[in-house]
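What follows is each chain in one-letter form.
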Amino acid sequence: MLKSKTFVKKTRSGGVVKIVREHYLRDDIWCGSEACNECKQESTVLQKDACIESNLCSFPHYLVPDTNVVLHQIDVLEDPVIRNVIILQTVLQEVRHRSAPVYKRLKDVIHEKEKFFYTFTNEHHRETFIEREPGETANDRNDRAIRVAAKWYSQHLKSDKNGLQVVLLTNDQGNKNKAEESGLLVYRCEEYIKSLIANPELVDRLALSNDDKNEVTSSKVLYPEHLPLSKIQTGIKSGSFIQGTFRASRDNYLEATVFIQKEGDDSTEVLIQGLQHLNRAVHQDVVAVQLLPQNQWVAPSSVVLQDDGAAKDDSVEEGEEEKALRISAAEAARKPTGKVVGIIKRNWRPFCGMLNVSQIKESTRHLFTPADRRIPRIRIETRQASSLVGNRIMVAIDGWPKDSRYPNGHFVRSLGGAGEKETEEEVLLLEHDVPHQAFSQAVLSFLPKLPWAITKEDLAKREDLRQLTVCSVDPPGCTDIDDALHCRELENGNLEVGVHIADVSHFIRPGNALDKEAANRGTTVYMCGKRIDMVPELLSSNLCSLRSNVERFAFSCIWEMNHEAKILKTRFTKSVINSKASLTYAEAQMRIDDVNKNDDITKSLRGLNKLAKILKRGRIEKGALTLSSLEVRFHIDSETHDPIDLQTKELMETNSMVEEFMLLANISVAQKIYDEFSECALLRKHPAPPPSNYEILLKAAKSKNVEIHTDSAKALADSLDMARVDHFPYFNTLLRILATRCMMQAVYFCSGMDSDFHHYGLASSIYTHFTSPIRRYSDIIVHRLLAVAIGADSTYPDLMDKHKQSALCNNLNYRHKMAQYAQRASVAFHTQLFFKSRGIINEEGYVLFVRKNAIIVLIPKFGLEGTVFFDRKDKNNPNLVFDEEGPTPKVEQHTFHIFDKVKVTVSLDDTNIQHQKIRMALTDPVIPGVSVPPPDVEPQAKKPKLDR
Amino acid sequence: MATVKVSEAEKVYILHGIRDDLRVDGRGCEDYRHMEIETDVVSNTDGSAKVTLGHTAVLVGIKAEIGKPRPLVPDEGYLEFFVDCSANATPEFEGRGGEELGTELSNTLYKVFNNKNSIELKSLCISAGEHCWVLYVDVLLLQCDGNLYDAISVAIKAALFNTKIPRVHISSDEEGTKEIELSDDPYDCMRLDVSNVPCIVTLCKVGHRHVVDATLQEKACSVASLIISVTQKGTVTCSRKVGGGSLDPESIFEMTEAGKRVGKALHAPLMNLLQQEESLGKKRQKVGFLG
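Same order as they appear, the protein sequences are chains L and S. So the first sequence is numbered by UniProt numbering: it starts at 1 and just counts up by one. So the second sequence is numbered by UniProt numbering: it starts at 1 and just counts up by one.
These are calculated hints, taken from the structure and not from any lab test. Treat the hints with care, since some could be wrong.
Partial pick of chain L residues on the chain S-facing surface, computed with a CB cut under 7 Å [as the list claims (entries may be wrong)]: (1) Lys-18; (2) Pro-134; (3) Met-818.
Using 16 Å as the maximum straight-line C-alpha spacing, the simulated EDC-like pairs for lysine to aspartate or glutamate come out as follows [as the list claims (entries may be wrong)]: (4) Lys-63/S to Asp-138/S; (5) Lys-115/L to Glu-34/L; (6) Lys-685/L to Asp-756/L; (7) Lys-231/L to Glu-179/S; (8) Lys-282/S to Glu-131/L; (9) Lys-237/L to Glu-179/S; (10) Lys-704/L to Asp-900/L; (11) Lys-18/L to Glu-179/S; (12) Lys-18/L to Glu-65/S; (13) Lys-283/S to Glu-131/L; (14) Lys-68/S to Asp-84/S.
Cβ-Cβ distance ranges computed for the label pairs, FRET-style [to be verified]: (15) Gln-285/S to Gln-47/L: 41 to 49 Å; (16) Glu-127/L to Gln-285/S: 20 to 28 Å; (17) Thr-3/S to Ser-678/L: 56 to 64 Å.
Glycine included, every Cβ here is placed at the ideal spot set by N, Cα and C.
Chain L extracted, bound-state conformation (with noise of 0.2 Å):
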């Protein structure tokens, strides 16, 4: 540093608190161009000759987009064509104020050595930095900071002999104009892409912006004007508005819930309905309604309606597709309805879906189907429709206009061909908000380097446990191990067992890049034949995976037991280990059940099992449930990656072995860092259900005269344990398959924010995740918990801040939630794929559940489950009588109760490309005009069957 120059910045936040802070204006910013060499910098990223081929500018230029431009424009940016641009500190930080996820993804063009972004530091420098003047807002101001920058950028570079100039890009007339006036070369963002020779397809991929107002959409105003964001938030204080997450309907795009939390737990639900009363809100924004008078609530309508067919030219066909809701709406119950007043965050993601070609060829306006049904078509704009026919693609919307019957949106990118495996996975992970890019640089820059070997003063800081009998038992193929066992006798008689934990936290310190991009992704999903890391794969399959025969790192948790398993003494230790094998959960069997075997391995995989047994009673003992689902693992085919059989996953004893001692260790570490830290603990609980839960489950035991009782775990528990039908043996696990289904969603929270710990399922009093930390972050924050209260390691400010845990635990709780739904649309990817392979299949199958119209259906050897409609659009229907108390629908003159056995046929129906599905249809019981007959009969009728 040459120079530094101190200037006073002031601001005012929130309340009326002056905050003074320092500014430091420096003269050794360097303008980092290659053709500059008036400034002393090291290395430069602009490029000398930055071309892009442009019809508006022939010589060699540098970008400077605007803020709005940036905000707006990121999927442009962000295509390799766009290189050598500058971004500006103001529009860097305007940015990362006004959007956290572009201001993500503009780091991350950034970063990227290829496109040679530059972030000017146009604020501290001491010829850019401007003063806010009298009378000029914050906009202005940051529009001037750009200008002057800009022009700083075209004097400095005046020397340059191939011409080099910087291009201002906005959409600001204002701005233009001014930046116009003082002698800048400026374009509107729309005009210079489109002016780029080689790449047309790039204009497809601008957002349509305010001002140039949609030609297509009629002056008629279809939707009640927004109100401003002040007068919401008056309103919402007042009472007269309410605010809440907008969640569309599935099944009728004329209907939406918004779910209004409120203080403690419970929630309420406001009805809307109708599009001038969904006033533009699109699934999970944050809106404000008003609830209409009392006389005008409605309530839910069964009709299942779908958004298809033509593009609607806005107004006119309304009044017809709200008939249909109108006359549902006339009976039954009514519930609270209302309208969306305004709308308070948007949340706007880029969505899947599919295109709808315009009829009229030529025409770059089309429809675009989100494959999420409770996501608007949107309009967009291309000149690619041939090309994109049939792929998957990424939409994202840009706004909804008021007089516009669809939001306004453009094209990001394409995912490939429909129904290829790759894009549907792919398609798969963005829907359910998975983070699946590969890891960036900066992330990886925190791993440690190789070749990787443990220290002395590592060695000096750890228990050495090499020495003992330590292995592994886990699923087959498992690259990721992050626990390992070992169990020995002391000699005074007492056992030793111990449970050995990958020390990921050893590796991944808080707070940088790696901490924070795992933190952001909470767990690892694993998808049929894929897994999608949480931590980069050199942590997560080696360096703390707990692999047989090297030396790694473990967070030991180890017990004294005496031969009743009653633990006598519990210690945590940082330590190092050695696994002595790997073992899989049938060759660990293999090893317990052979009575020849009697090496060291085996004789701890016994006593463990010994224990696990013993600590397994006692639990069920307490009243723990073991409840039931059908799981299913997929046969892959080697090569083509495609499923070639799949099987039901099998639980031997060795599962529940390594289980036992994972919930021993989770309880011990929960109950150690709540006694260290009863504010921050991280810690899981599992409310016990609502008995309302539980009212199919009782039914359904009913029908077979069985009594549930559930007042408590334990009742629930033993109450399954007696219920069993003579001649029908599977009639446990489908109950045990029902009252999973009643249970709630187990979370993570913090221990300062809650009181009630009880996990329910597990019958404990306090529970947390240790075991896995190369999977989940919740079990990164417990490490590091514990470490603190065993003084193996520092803490920090996060840590130790209660709120900060709370926002922390949200974020795991939606992760885990998005990754359970994307595991099981990944199996139910592959079941589709396994079934098309297989054409027509004819199952037995037992009926799960029954509803007004239909049967649900599952089939123990898939695991599948599917729905069977008796009644249908087009024709008509059966003759159907639904009596709510069985609940029993009768069909024609049979009857259908809970637990039928049914045989069905399975096929695929991939009528709707976007939405294929499994469909079942009746062979057994033989019903006129519902079921089907079996498929070797009538072999080649795969879809007509259905419309006879």
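With chain L held as given, fit chain S onto it using these hints.
Quick look at chain S alone, frame taken from chain L:
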């Protein structure tokens, strides 16, 4: 209080000098010492001023905060005073040594300045009975060389002149709930009307005469002094006697008259100076504490 030891001979010398209207440093009885004023010296206050008078140096910072109006006067804001006698000024102030003096000073300042005749207190009201501006006036004594009251009062007047209170708007909805909105323009400020803000003139009775702006030595020769606060127009708003000795009615009258005269003469150049400084705006080279 900072005191100096003065020998009997010195006392006689000072006394005789004053009798002849010629003080030790060459001033007449109604002359002030050299005074320097600079405003806007502390950036994180809303208004500040630094005044040096001879070797006496005081720094005044004013912070405006939103508070609740006093119940008796719901439509007025108010001022709070705090005088910090830093041990920098004199070693006697070390520890809690300056506390007594500080309290005495702040009580006097409160009497002089916190009334609606000195400052338009109503203009500090944001919404009657609910919100008002509270001006926290913090006085820091940097050096004591006599005549603290006058120096502090001049500094307070200058700081009040310099004070920029962020402008707030009250928005209320149909239900009548009010909300304070802050303008996002940092230049959008409210200024105070300081035309009626008085200055304090301290008159020290030395022998049979009285002097203004007494040095520590002169103070040591005096038995009693009169503090009066005078506005621009020469109105006396407050007077107070300090010191152990007594004053006869006649000399009180004389001293008051002299005080009015001196006070009036003090205001005009002070306002002039402040306005001049203000007009320089941002271009003014700041002197600060090192100049």
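Okay, which hints does this one fail, numbers in order?
Going through the list in order, the structure violates hints 3, 11 and 14 and respects the others.
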